[in-house]
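Which chain is which? The protein sequence lines are S and Z, in order. According to the numbering used here, the residues represented by the first sequence are 1 to 114, in order. According to the numbering used here, the residues represented by the second sequence are 115 to 226, in order.
It should be emphasised that the hints constitute simulated quantities derived from the structure, not laboratory data. Accuracy of the hints is not assured; some may be wrong.
Stated by the list, open to error - Straight-line Cα separation of at most 25 Å, SDA-like style, residue types lysine to any residue; simulated pairs:
id, chain 1, residue 1, chain 2, residue 2
1, S, Lys11, S, Thr38
2, Z, Lys213, S, Leu99
3, Z, Lys213, S, Arg15
4, Z, Lys183, Z, Asn168
5, Z, Lys117, Z, Thr218
6, Z, Lys117, Z, Ser175
7, Z, Lys183, Z, Val169
8, S, Lys57, Z, Val169
9, S, Lys57, S, His29
10, Z, Lys117, S, Gln41
11, Z, Lys213, S, Glu78
12, Z, Lys117, S, Gln37
13, Z, Lys183, S, Gly42
14, S, Lys57, S, Glu68
15, S, Lys57, Z, Lys183
16, Z, Lys117, S, Thr38
17, S, Lys14, S, Leu46
18, S, Lys57, S, Arg15
19, Z, Lys213, S, Thr2
20, Z, Lys117, S, Leu61
21, S, Lys57, Z, Phe216
Since the model is a prediction, treat every value here as computed from it, not as a measurement.
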Amino acid sequence: DTGVSQNPRHKITKRGQNVTFRCDPISEHNRLYWYRQTLGQGPEFLTYFQNEAQLEKSRLLSDRFSAERPKGSFSTLEIQRTEQGDSAMYLCASSLAGLNYGYTFGSGTRLTVV
Amino acid sequence: DAKTTQPNSMESNEEEPVHLPCNHSTISGTDYIHWYRQLPSQGPEYVIHGLTSNVNNRMASLAIAEDRKSSTLILHRATLRDAAVYYCILRSTNFGNEKLTFGTGTRLTIIP
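Use the sequences and the hints to build the structure in full.
In structure tokens, the structure reads:
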């Protein structure tokens with residue numbers, strides 16, 4: 001297993017465009033999380049899935065953001081009508097359910113909105 | 115969410131032990147203490163976690179105060195690769211509050 005994979009690594013887009021990021025978790029992990037991180041801050045929780053069910057969404061996740069995890073495998077995070085404030089590192093993590101398991105994070109997708 | 119307090123930054127000499135403190139005075143009896151670190155340009159990496167007893171693994175040791183209001187992450191012999199931001203996080207056992215909530219962490223600089 002190669003860990004959590006995120007694509008693309010970098011994305012530059014013009015304001016108003018839609019973007020989609022993909023996360024491939026560790027195959028046996030049933031939980032998948034999305035976080036956003038801006039410079040100098042810790043990661044902020046966005047949403048998480050257990051299998052294909054989206055169990056929680058942060059208030060940070062505006063209507064322009066949507067995440068899916070079809071069939072409980074990979075996940076996509078889409079941002080519609082991007083704004084400059086969306087520029088950040090978007091991190092995906094996966095884990096087994098249960099408190100005795102840590103998260104495994106991917107290397108993230110850096111989004112720049114110009 | 116119960117909060118943690120960490121120093122913004124620390125420095126340590128290479129090949130010496132490092133003690134990274136974390137205060138969590140509002141911890142509840144069912145909160146686990148987790149530590150993650152984030153190297154430059156990478157996602158966070160799990161380091162260690164514990165509930166009440168001290169814990170050791172290949173990366174580090176976690177010393178938990180008897181009243182659980184503070185904990186210390188111990189790197190036994192720091193290397194340059196240990197330079198990172200270290201996050202101390204309380205993880206609740208309450209369903210719906212199990213996610214990791216990150217603060218701003220401690221930026222550890224290793225001096226060669």
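For this session: Determine which of the earlier numbered hints do not hold for this structure and return their numbers in increasing order.
Result: 3, 8, 15
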